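Please work from the sequences and hints to get the whole structure.
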Amino acid sequence: MDRAHICLASLALVAWGFAASAATTLDAHIAGGQFDSVLPPAPDVTTTVVAPFRLDTAVVSNAEFAQFVRKHPDWRRDRVAGLFADEGYLRHWASAAEPGPQIARQPVTQVSWFAASAYCEARGARLPRWYEWEYAAAASSTRPDARDDPAWRQQILGWYSKSARGTLPVAGASPANYFGVRDLHGVVWEWVEDAGSMLVSDDSREQGDPNRNRFCGSGALSLEQKDNYAMMMRIAMLSSMKASYSSSSMGFRCASDAGKGP
Amino acid sequence: MTARASLLSGLAASALFAFASQASDRSASLYQMHEKLLNQDGEAIDLDLYRGKPVLVTMFYGSCPATCPLIIDTLRAVERKLDEPQRQQLRVLLVSLDAEHDTPAALRQVANTRRIETSRWTLAHADAAAVRRIAAALNIQYRQLPDGQFSHSTIISALDEQGKILVQSAELGHADPEVLRAISAR
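Same order as they appear, the protein sequences are chains L and U.
Per the working numbering, residue 13 is the first one in the first sequence, and the count goes up by one each step.
Per the working numbering, residue 622 is the first one in the second sequence, and the count goes up by one each step.
If you're looking for bench data, these hints aren't it; they were derived computationally from the structure.
Values in this document were obtained by computation on a predicted structure and should not be read as measured data.
Careful: at least some of the hints might be erroneous.
As the list claims (entries may be wrong) - Restricting the straight-line Cα-Cα distance to at most 27 Å, the calculated cross-link-like pairs of lysine-lysine (BS3-like) are:
no.: 1; chain 1: L; residue 1: Lys83; chain 2: L; residue 2: Lys272
no.: 2; chain 1: L; residue 1: Lys254; chain 2: U; residue 2: Lys702
no.: 3; chain 1: U; residue 1: Lys657; chain 2: U; residue 2: Lys785
no.: 4; chain 1: L; residue 1: Lys254; chain 2: U; residue 2: Lys785
no.: 5; chain 1: U; residue 1: Lys702; chain 2: U; residue 2: Lys657
no.: 6; chain 1: U; residue 1: Lys674; chain 2: U; residue 2: Lys785
no.: 7; chain 1: U; residue 1: Lys657; chain 2: L; residue 2: Lys83
no.: 8; chain 1: L; residue 1: Lys272; chain 2: U; residue 2: Lys785
no.: 9; chain 1: U; residue 1: Lys657; chain 2: U; residue 2: Lys674
Structure below.
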């Protein structure tokens, strides 16, 4: 190999290393604030307050998740406890510890909520909460909250109606939004810390509701902003997944409180 | 399920690019979790403290005004339906959803107020992350509301001696025959 080739090869390695670590930085520092979520915090309460937080700028890639699995072999697909992951867990990887080069830089999918949580915890972080995720995802490239912009909405719906056949894009390849965050729309669904809390249902205190007795406190939540279909699809998707389930379209990224995390 | 929730589930199903794989039978034992808890007397306990006995496990919170007392009544209703030897074998674990307020002292208060016999029952505190994992494993949904109350589903799980979930019941106010069958068969 001549010098030029060696040089190119090392450049490629550097580039690959950069891409592989792109999501691991909690690089987006988001101030948060008052926010009207599609999922109101309680009946008759429409506004929530999102505290300052940090968020990965890209979804976690297969290569990044593989580093975690090598360090924490309890999370290999051939060793993971059945309580924490179903049979689809990392099934698409070339081997129990290696995704294989073709999908190394693509978003990791086929991971359970338990596995995604453990990955973030190992990084001194956590999964983003739904309100944090939705807050970050409300931004277009120029505005922190573009949800009232019909063109922006149309763009999002366009992404969601795209066929997802074929391979996933490389993690971090989509354009950055106002907060510098990528991959929020049109790439994969994403686990959130409170995925088990979405309680998509009408008022569960209704008389005659067979689910009535399953809920305590002020009853379940209902959805606002009913024209925000993209967010409702996400909530429906998350609500349909148990914490051990995996899906070829469900990935994740990590978050932390402001001032915490590595 | 209400009409809108059904519609949304349908949406989710059609939006799924590939179906989530089914939960597998490998998911045998709750005791695959190694969560550290504190009991109502401040003693460190493990989630599997009742390994070797049939157990009813569920989640609640101490300041819950209505449904949580009903959970305790429901657990007692199951106990009452068992014969004496079975009742002596059965253990009950109630893990609090309220990591902030349900300290061991607060749980001891609940036990005293509700006359809970803590030789066979345990009220447990877990930190917020452990609460999320345990709730996920038990299929219990919960959310803290702005007023500090929790909205949560009430699911009582019956575990065998190794922690395998035998049956889960959302019925409140009476002893679910399926739970009784599962416990009586031990």
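Legend entry - Lys657(U) paired with Lys785(U) [C-alpha distance capped at 27 Å]: Holds - the C-alpha atoms of Lys785(U) and Lys657(U) are around 19 Å apart, at most 27 Å.
Legend entry - 27 Å limit on alpha-carbon distance, applied to hinted pair Lys657(U) and Lys674(U): Holds, at about 19 Å.
Legend entry - Proposed proximity, Lys785(U) with Lys272(L) (alpha carbon, max 27 Å): 37 Å, violated
Legend entry - Pair hint Lys254(L) and Lys702(U), alpha-carbon separation not exceeding 27 Å: Violated. Lys254(L) to Lys702(U) sits at ~32 Å, over the 27 Å cutoff.
Legend entry - Pair hint outcome, Lys674(U) versus Lys785(U) [Cα-Cα no greater than 27 Å]: 11 Å, holds
Inset, instruction - Verify the proposed pairing of Lys702(U) with Lys657(U), using a straight-line Cα cut of 27 Å. - result: Violated, at about 32 Å.
Inset, instruction - Would you mind confirming whether the straight-line C-alpha gap from Lys657(U) to Lys83(L) stays at or under 27 Å? - result: 23 Å, holds
Inset, instruction - Would you check the hint for Lys83(L) and Lys272(L), treating anything up to 27 Å between C-alpha atoms as holding? - result: 22 Å, holds
Legend entry - 27 Å Cα cutoff - pair Lys254(L), Lys785(U): 17 Å, holds
When the structure is compared with the earlier hints, violations turn up for hints 2, 5, 8 and for no others.
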